[in-house]
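J.: The chain contents come next:
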Amino acid sequence: MIEAARFWAIVVLVVAGLFFTFVSAVGVIRLPDIYARAHTASQTDTLGAGLALAAVALALGWQQASVYTVLLLFFVFITNPTAAHAIARSAAETGIEPVTADSATDDGSPDSGTGAPDRNSSEPDAGSDVDGGETA
Amino acid sequence: MIPAGVSIEEIFLLAAALFVVLAIVMFYRAVAGPTTQDRLLAVNVLGTNTVVILALLAAGLDEPWFLDIALIYALLNFLMAVAISKFTVERGGVL
Chain A
1 MIEAARFWAI
11 VVLVVAGLFF
21 TFVSAVGVIR
31 LPDIYARAHT
41 ASQTDTLGAG
51 LALAAVALAL
61 GWQQASVYTV
71 LLLFFVFITN
81 PTAAHAIARS
91 AAETGIEPVT
101 ADSATDDGSP
111 DSGTGAPDRN
121 SSEPDAGSDV
131 DGGETA
Chain B
1 MIPAGVSIEE
11 IFLLAAALFV
21 VLAIVMFYRA
31 VAGPTTQDRL
41 LAVNVLGTNT
51 VVILALLAAG
61 LDEPWFLDIA
71 LIYALLNFLM
81 AVAISKFTVE
91 RGGVL
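Residue numbers (this note's numbering), protein chains in the order written: chain A, 1 to 136; chain B, 1 to 95.
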């Protein structure tokens, strides 16, 4: 009985960790600028790593290795948001502009984050077409 | 109630394989990221993923010394992220 509960707890933790890491991967690939990516990297990736490490600690049981795993879990929980904050702050201090509602494209295409301002200014026709469609 | 023929070790190895697939997907941002900070963030996330993969392999293959490597990797990953983000702001200083 206890073994079955432990088994299913490990399965649930691993699947939840995989889900949150998948969300983090989608966010890192699809979100438009560095600040949004730093947001998803600091939150969902930390949670996914924490859940997967909790599953490992639960599977190892009472031994020295699970102490290492819990230590690793706390370390990831502290340092991962700190690193994402440092990266976002360095992006802000080097003058990278965030993508706002004014500069974003209307369809929200995924590659609009690759230098969003100059790409949008280089294609004024696409935006005006969309605007014309909305007013018609 | 444990399904027959499924062991915890196999679940951990399968999860490690899926984490490797997600890491390969995230590697796109490290290659194609337009700014230095994009690449740095992608490498940082990849490092966190690597730590998780090492921990899952430690449980799946029953090799507890993988956790030592994972701990060192987490420390160096954090140090790398902070050092490079400091370098991009104060270029030409100590770093």
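If you're looking for bench data, these hints aren't it; they were derived computationally from the structure.
Computed from a predicted structure; not experimentally measured.
From the three backbone atoms N, C-alpha and C, an ideal C-beta is built for every residue, glycine too.
Please note that the accuracy of each hint is not assured.
Claimed, not checked - These stretches of chain A come out as covered by chain B in the derived footprint (C-beta under 8 Å, 3 or more residues): (1) 4-18; (2) 23-33; (3) 56-68; (4) 80-94.
J.: Can you tell me if the stretch 23-33 of chain A counts as covered by chain B, using C-beta to C-beta distances under 8 Å and a minimum of three residues?
T.: As far as the stretch 23-33 of chain A goes, the hint holds, because 4 residues have Cβ atoms under 8 Å from chain B.
J.: Can the stretch 4-18 of chain A be counted as covered by chain B under the rule of three residues or more with Cβ-Cβ separation shorter than 8 Å?
T.: n = 8 at 8 Å, threshold three: holds.
J.: Quick one: see if chain B covers the stretch 56-68 of chain A, three-plus residues with Cβ-Cβ under 8 Å.
T.: holds (count 7)
J.: Establish whether the coverage given for the stretch 80-94 of chain A by chain B is satisfied; the threshold is a Cβ-Cβ distance below 8 Å, and no fewer than three residues must meet it.
T.: With 12 residues in contact (Cβ-Cβ under 8 Å with chain B), the coverage given for the stretch 80-94 of chain A holds.
Of the numbered hints given earlier, the model fails none.
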